[in-house]
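Undergrad: Kindly generate the complete structure, drawing on both the sequences and the hints.
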Amino acid sequence: FLFYEKYSKDDDFETYRQEVLSIAEKILRSEAKRVLIIGVEDIHWADVISLNSFEHLIKFLVDTPIMFIFMSRPTFEVPTVSRWKNSIMNSVISEKIDLLPLTDEDSAKFISKLLEIERLPLSVKNKILKKGGGNPLFIEELLKTLMEKGYIYLEDGKYLAKPDIMQFEVPDTIGDIVLSRVDNLNSKNKRVIQTASIIGDVFWDRPLDFLLSMDTSDALEFLIVRDFISERAQSSFENANEYSFKHVLLQESIYESILNKVRKKSHREFARWLLRNYPDKERQFASLLAYHFEKGEEFEEAVKYYKLSGDLYSEQSAPQKAIESYNKALFYIKKLDICKDIQWEVYDRLGVQFRYIGMMRDALEAFRNAISYADDACNIARVKYDNACALQEMSRYDEAIELLHEALVYGEGDIRLKMDVYQELLWVYYLKGDIERSQQNVEQLKELIERYGDVLSGDEVERRWAGLYDRSGILKGHRGDIAGAIEELKKSLEIYKKQNNINKVAVIYNNIATYYGYQGRLSDELSMLKRSLEIDEKIGRRLGIAVTYYNIGLCYRFLNDLEKA
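In the numbering used here, the protein residues as written are 58 to 622.
In short, the hints are calculated from the structure, not lab data.
Each residue gets a CB set at the ideal place from its N, CA and C atoms; glycine is no exception.
Any given hint could turn out to be false.
[Said to hold, decoys possible] PhoX-like mimics (lysine-lysine), calculated; alpha carbons at most 25 Å apart, straight line: (1) Lys142 with Lys587; (2) Lys201 with Lys184; (3) Lys303 with Lys170; (4) Lys116 with Lys555; (5) Lys503 with Lys554; (6) Lys561 with Lys142; (7) Lys489 with Lys554; (8) Lys318 with Lys245; (9) Lys489 with Lys533; (10) Lys503 with Lys475; (11) Lys142 with Lys153; (12) Lys187 with Lys142; (13) Lys188 with Lys219; (14) Lys219 with Lys245; (15) Lys547 with Lys533; (16) Lys321 with Lys245; (17) Lys188 with Lys142; (18) Lys182 with Lys153; (19) Lys555 with Lys83; (20) Lys621 with Lys116; (21) Lys391 with Lys338; (22) Lys391 with Lys352; (23) Lys303 with Lys361; (24) Lys170 with Lys201; (25) Lys206 with Lys321; (26) Lys184 with Lys206; (27) Lys245 with Lys201; (28) Lys352 with Lys247; (29) Lys201 with Lys166; (30) Lys166 with Lys142; (31) Lys184 with Lys170.
[What the hints assert, rightly or not] So the derived label-pair ranges between C-beta atoms look like this: (32) Leu157 with Cys435: 51 to 61 Å; (33) Lys215 with Leu157: 48 to 58 Å; (34) Ile395 with Glu82: 46 to 56 Å; (35) Leu157 with Val77: 14 to 24 Å; (36) Lys187 with Asp120: 20 to 30 Å.
TA: Here you go:
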């Protein structure tokens, strides 16, 4: 979302995002003096940050005459996008429109509107209608082909069909039409469009110049005129112009026509070019690198970057994409017997993501695999800790406690792991009702943070304190100190907000809501719960969704709204 890749992990991205959204609101309000329509294509590929930002704008501009139109291909949608669509449709005035194939009558009207062609024989028109099957893209691309081949020409402001158009054989598929158009290009333009398709449906001129060892600017201008591609207003890379294919089917059809050995070579060369020229973007573009190394059959590099992209998606609260990346890495690790040294870690992180979205059986299986491949005590300790967290969420407290104590033994000397374990132990003991042991672990955790805070980064120290404030706040609440509980939880909330840890923000909203309820502040409780639910639904955290719906139901019961309850 808006130059995210320019900001390192340590930068305060959330503050930047809020500033950008504030500017966007002001610009859109100033432009919306009359009805304003904003179209957003390919929303099915949007990341969580972009989706949240669009939702923010929609809700904050609800009083303005602005219409947002989001275009999506449902077959490509991930669950995050589907949930986002449902959230939008339930919160603002909206309408879902499914675009069906054109009827023959509509197709005929479409041809007439697109190009008012005189002397077009009825038999040719009927062929187009029959093979087009109501697909507007088929008709549009076919008409471009007819113009490029000279069967249709412009004279005195009118489009005319030549008599020999009767000889034209209408292709069977869009792919055939696209390849026919490509075949009409000269050698240079053809090489440019083919190489661009290897980079992807979005591509850049600098790597094109490198891959083809020539200046491609004139060819790109020609391809824009011919309506193959368009130039984008902003580029993901400095000193490089960014382009996109007019339709993903154009890119796919051209790509599939290229010899496999040529594709593999270009995929590898593009990935290497990207690493050489933008080494600081290695992390942000891990999924792009993984894809190109995979297609270039450099599988060890592909595994490395699929793991890295999984880590990045995990940090961005996109568990489904993280799971997909980790599974890709594991596929090649197992199939080709490579990168065995990281196999345990990929399984462990996969398990964490499964746990995160409530797929506990898959999580436990991933942890079992991780343990079987972990090759030293510290790695085993980390897996046991992550496994224990899943068991805790399944209310299997005794098993969780046993694993946590084993993790302390295996991970002796790992200060960070100790802090994690003590924080989880204090919570499991609390859930079991053993408040004394829970408090003992609070004190042990506090001592560790104070003793070793100097060796941790500032952000990590804050995160550790936030976790402690959260747990100690709940313990205060258990002892009846409701005001003290809320105070501790709010300190935790501020840190998590500052660090843009939206997973934890959702949890803290829920916890604060509980104590507002104890104080009889039911409207404040309901407000906090709705904030928590909004976050959990966006990121797909099933346990959080279930708990929050239950708590909202209780809140409505106390408000005597039994139907909503």
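Undergrad: If a hint holds in the structure, say so; if it doesn't, say that too.
TA: Verification of the supplied hints:
1. Simply put, Lys142 and Lys587 have alpha-carbon atoms about 17 Å apart, close enough for the 25 Å limit, and the pair holds.
2. Distance restraint check for Lys201 and Lys184: the Cα-Cα separation of roughly 16 Å lies within the 25 Å cut-off, and the hinted pair is therefore satisfied.
3. Using a Cα cut-off of 25 Å, the hinted pair Lys303 and Lys170 holds, with the two alpha carbons roughly 20 Å apart.
4. Using a Cα cut-off of 25 Å, the hinted pair Lys116 and Lys555 holds, with the two alpha carbons roughly 22 Å apart.
5. Between Lys503 and Lys554 the CA atoms are separated by roughly 22 Å; this keeps the pair inside 25 Å, and the hint holds.
6. Taken as a hint, the Lys561 and Lys142 pair is honoured in the structure, with Cα atoms around 23 Å apart against an allowance of 25 Å.
7. A distance of roughly 29 Å separates the Cα atoms of Lys489 and Lys554; the hinted pair therefore is violated under the 25 Å criterion.
8. Restraint check for Lys318 and Lys245: the C-alpha separation of about 20 Å stays at or below 25 Å, so the hint holds.
9. For a cut-off of 25 Å, the pair hint linking Lys489 to Lys533 stands: about 16 Å separates their Cα positions.
10. Proximity of Lys503 to Lys475 is assessed by CA-CA distance (about 12 Å); at most 25 Å being required, the pair is judged to hold.
11. Of the pairs offered as hints, the one joining Lys142 and Lys153 holds, with about 9 Å between alpha carbons and a cut-off of 25 Å not exceeded.
12. Restraint check: the Cα-Cα separation between Lys187 and Lys142 comes to about 35 Å, which exceeds 25 Å; the hinted pair is violated.
13. Between the alpha carbons of Lys188 and Lys219 the distance comes to roughly 21 Å, so the proposed pair stays at or under 25 Å and holds.
14. Proximity of Lys219 to Lys245 is assessed by CA-CA distance (about 29 Å); at most 25 Å being required, the pair is judged violated.
15. Pair hint Lys547 plus Lys533 holds up; C-alpha atoms about 13 Å apart against a cutoff of 25 Å.
16. Between Lys321 and Lys245, the direct Cα distance comes to roughly 20 Å. Compliance with the 25 Å bound is thereby established for this hinted pair.
17. Of the supplied pair hints, the one linking Lys188 and Lys142 is violated, its CA atoms being roughly 34 Å apart against a limit of 25 Å.
18. Taking the CA atoms of Lys182 and Lys153, the gap is about 32 Å. The hint is violated against a cut of 25 Å.
19. For the given pair, Lys555 sits about 24 Å from Lys83 by alpha-carbon distance, which is consistent with the 25 Å threshold.
20. Taking the CA atoms of Lys621 and Lys116, the gap is about 23 Å. The hint holds against a cut of 25 Å.
21. Between Lys391 and Lys338, the direct Cα distance comes to roughly 28 Å. Violation of the 25 Å bound is thereby established for this hinted pair.
22. Simply put, Lys391 and Lys352 have alpha-carbon atoms about 18 Å apart, close enough for the 25 Å limit, and the pair holds.
23. Distance restraint check for Lys303 and Lys361: the Cα-Cα separation of roughly 32 Å exceeds the 25 Å cut-off, and the hinted pair is therefore not satisfied.
24. Between Lys170 and Lys201 the CA atoms are separated by roughly 14 Å; this keeps the pair inside 25 Å, and the hint holds.
25. In summary, the hint linking Lys206 to Lys321 is not supported, as the alpha carbons are separated by about 32 Å, beyond the 25 Å threshold.
26. For the given pair, Lys184 sits about 18 Å from Lys206 by alpha-carbon distance, which is consistent with the 25 Å threshold.
27. A C-alpha spacing of about 20 Å is found between Lys245 and Lys201, which places the hinted pair at or below 25 Å, so the restraint holds.
28. Distance hint between Lys352 and Lys247 is fulfilled; the C-alpha atoms sit about 21 Å from each other, no more than 25 Å.
29. For the given pair, Lys201 sits about 17 Å from Lys166 by alpha-carbon distance, which is consistent with the 25 Å threshold.
30. With a C-alpha separation of about 32 Å, the suggested pair Lys166 and Lys142 falls outside the 25 Å cut-off, and the hint is violated.
31. A hinted pair counts as satisfied when its Cα atoms are at most 25 Å apart, and Lys184 with Lys170 qualifies at roughly 18 Å.
32. As the Cβ distance of Leu157 to Cys435 is approximately 57 Å, the hint placing it in 51 to 61 Å holds.
33. One distance hint, 48 to 58 Å for the beta-carbon pair Lys215 and Leu157, is violated here, with the actual separation near 32 Å.
34. The supplied range of 46 to 56 Å is met by Ile395 and Glu82, whose beta-carbon atoms lie about 49 Å from each other.
35. Checked against the hint of 14 to 24 Å, the C-beta distance between Leu157 and Val77 comes to roughly 37 Å, which is inconsistent with it.
36. A hinted range of 20 to 30 Å is violated for the C-beta pair Lys187 and Asp120, which are about 49 Å apart.
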